[in-house]
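Kindly produce the complete structure, drawing on both the sequences and the hints.
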Amino acid sequence: MTAENMKIDKWESQNHGGSPTTNESKKYAIFVGRYQPYHQGHTSLIMQKIKQGIPVLIMVRDIAPDAKNPFTTEQTVEMIEKFHSDHGHDVKVMIIPDIESVNYGRGVGYEINEFTPPEDIGFISATKIRQSIKDSNDDWRLLVDESIQADVERHLLESDVEL
Numbered sequence: 265m266t267a268e269n270m271k272i273d274k275w276e277s278q279n280h281g282g283s284p285t286t287n288e289s290k291k292y293a294i295f296v297g298r299y300q301p302y303h304q305g306h307t308s309l310i311m312q313k314i315k316q317g318i319p320v321l322i323m324v325r326d327i328a329p330d331a332k333n334p335f336t337t338e339q340t341v342e343m344i345e346k347f348h349s350d351h352g353h354d355v356k357v358m359i360i361p362d363i364e365s366v367n368y369g370r371g372v373g374y375e376i377n378e379f380t381p382p383e384d385i386g387f388i389s390a391t392k393i394r395q396s397i398k399d400s401n402d403d404w405r406l407l408v409d410e411s412i413q414a415d416v417e418r419h420l421l422e423s424d425v426e427l
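Residue numbers (the working numbering): 265 to 427.
Calculated directly from the structure, the hints in this document are not laboratory data.
Incorrect hints may have been included.
Pair ranges (Cβ atoms, derived) [unchecked claim]:
#: 1; residue 1: His351; residue 2: Leu406; range: 20 to 26 angstroms
#: 2; residue 1: Leu406; residue 2: Ile376; range: 27 to 33 angstroms
#: 3; residue 1: His353; residue 2: Glu375; range: 20 to 26 angstroms
BS3-like cross-link-like pairs, simulated, lysine-lysine; straight-line CA separation at most 25 angstroms [said to hold, decoys possible]:
#: 4; residue 1: Lys392; residue 2: Lys346
#: 5; residue 1: Lys346; residue 2: Lys291
#: 6; residue 1: Lys332; residue 2: Lys398
#: 7; residue 1: Lys315; residue 2: Lys290
#: 8; residue 1: Lys332; residue 2: Lys392
#: 9; residue 1: Lys332; residue 2: Lys291
#: 10; residue 1: Lys313; residue 2: Lys291
#: 11; residue 1: Lys356; residue 2: Lys313
#: 12; residue 1: Lys332; residue 2: Lys315
#: 13; residue 1: Lys313; residue 2: Lys290
#: 14; residue 1: Lys346; residue 2: Lys398
#: 15; residue 1: Lys356; residue 2: Lys291
#: 16; residue 1: Lys313; residue 2: Lys346
#: 17; residue 1: Lys332; residue 2: Lys346
#: 18; residue 1: Lys290; residue 2: Lys356
#: 19; residue 1: Lys290; residue 2: Lys346
#: 20; residue 1: Lys315; residue 2: Lys356
#: 21; residue 1: Lys346; residue 2: Lys356
As the structure is a computational prediction, the values presented were derived from the model and not from experiment.
In this text, a Cβ means the ideal position worked out from N, Cα and C, and glycines have one as well.
Take a look at the structure:
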């Protein structure tokens, strides 16, 4: 899927009145983040939900590129959708405005989960990945799925942002 033919859902263009989802009979697991870059810590957590038969909504914060966020929001969405291209209707990616906090009301019926990743991926940090790339250290390749490594490199080469 290329950026030219990719339909990116933006929060502002959505029908917030409640249009039906593809998985009408299931509730979605929601993940909110910057994903700079999308790494194996993210993929492990999200794949766990998919394997449990729970569809996933990945919400990418719409942020301006800078040293902490070298990828545009559209580039981030492109990499996430590329990784999940075989997951069909189980994964939906949406761009949302940058958020200050996540708030929820008492008794709204949502289950709030905090995930503690297994030790083999719990150490993964996007900050460490960006530093590894900046230092020309290929260790970052162990932490980012092979399917999107070339995209990470290409987007960084095209970027005006200095890590």
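Going down the list of hints, with the structure as the test:
{"no.": "1", "hint": "His351 x Leu406: 20 to 26 angstroms", "result": "holds (23 angstroms)"}
{"no.": "2", "hint": "Leu406 x Ile376: 27 to 33 angstroms", "result": "holds (31 angstroms)"}
{"no.": "3", "hint": "His353 x Glu375: 20 to 26 angstroms", "result": "holds (22 angstroms)"}
{"no.": "4", "hint": "Lys392 x Lys346", "result": "holds (23 angstroms)"}
{"no.": "5", "hint": "Lys346 x Lys291", "result": "holds (23 angstroms)"}
{"no.": "6", "hint": "Lys332 x Lys398", "result": "holds (12 angstroms)"}
{"no.": "7", "hint": "Lys315 x Lys290", "result": "holds (14 angstroms)"}
{"no.": "8", "hint": "Lys332 x Lys392", "result": "holds (11 angstroms)"}
{"no.": "9", "hint": "Lys332 x Lys291", "result": "violated (32 angstroms)"}
{"no.": "10", "hint": "Lys313 x Lys291", "result": "holds (11 angstroms)"}
{"no.": "11", "hint": "Lys356 x Lys313", "result": "holds (13 angstroms)"}
{"no.": "12", "hint": "Lys332 x Lys315", "result": "violated (31 angstroms)"}
{"no.": "13", "hint": "Lys313 x Lys290", "result": "holds (12 angstroms)"}
{"no.": "14", "hint": "Lys346 x Lys398", "result": "holds (24 angstroms)"}
{"no.": "15", "hint": "Lys356 x Lys291", "result": "holds (13 angstroms)"}
{"no.": "16", "hint": "Lys313 x Lys346", "result": "holds (18 angstroms)"}
{"no.": "17", "hint": "Lys332 x Lys346", "result": "holds (22 angstroms)"}
{"no.": "18", "hint": "Lys290 x Lys356", "result": "holds (13 angstroms)"}
{"no.": "19", "hint": "Lys290 x Lys346", "result": "holds (24 angstroms)"}
{"no.": "20", "hint": "Lys315 x Lys356", "result": "holds (15 angstroms)"}
{"no.": "21", "hint": "Lys346 x Lys356", "result": "holds (12 angstroms)"}
Checked against the numbered hints above, the structure violates hints 9 and 12; every other hint is satisfied.
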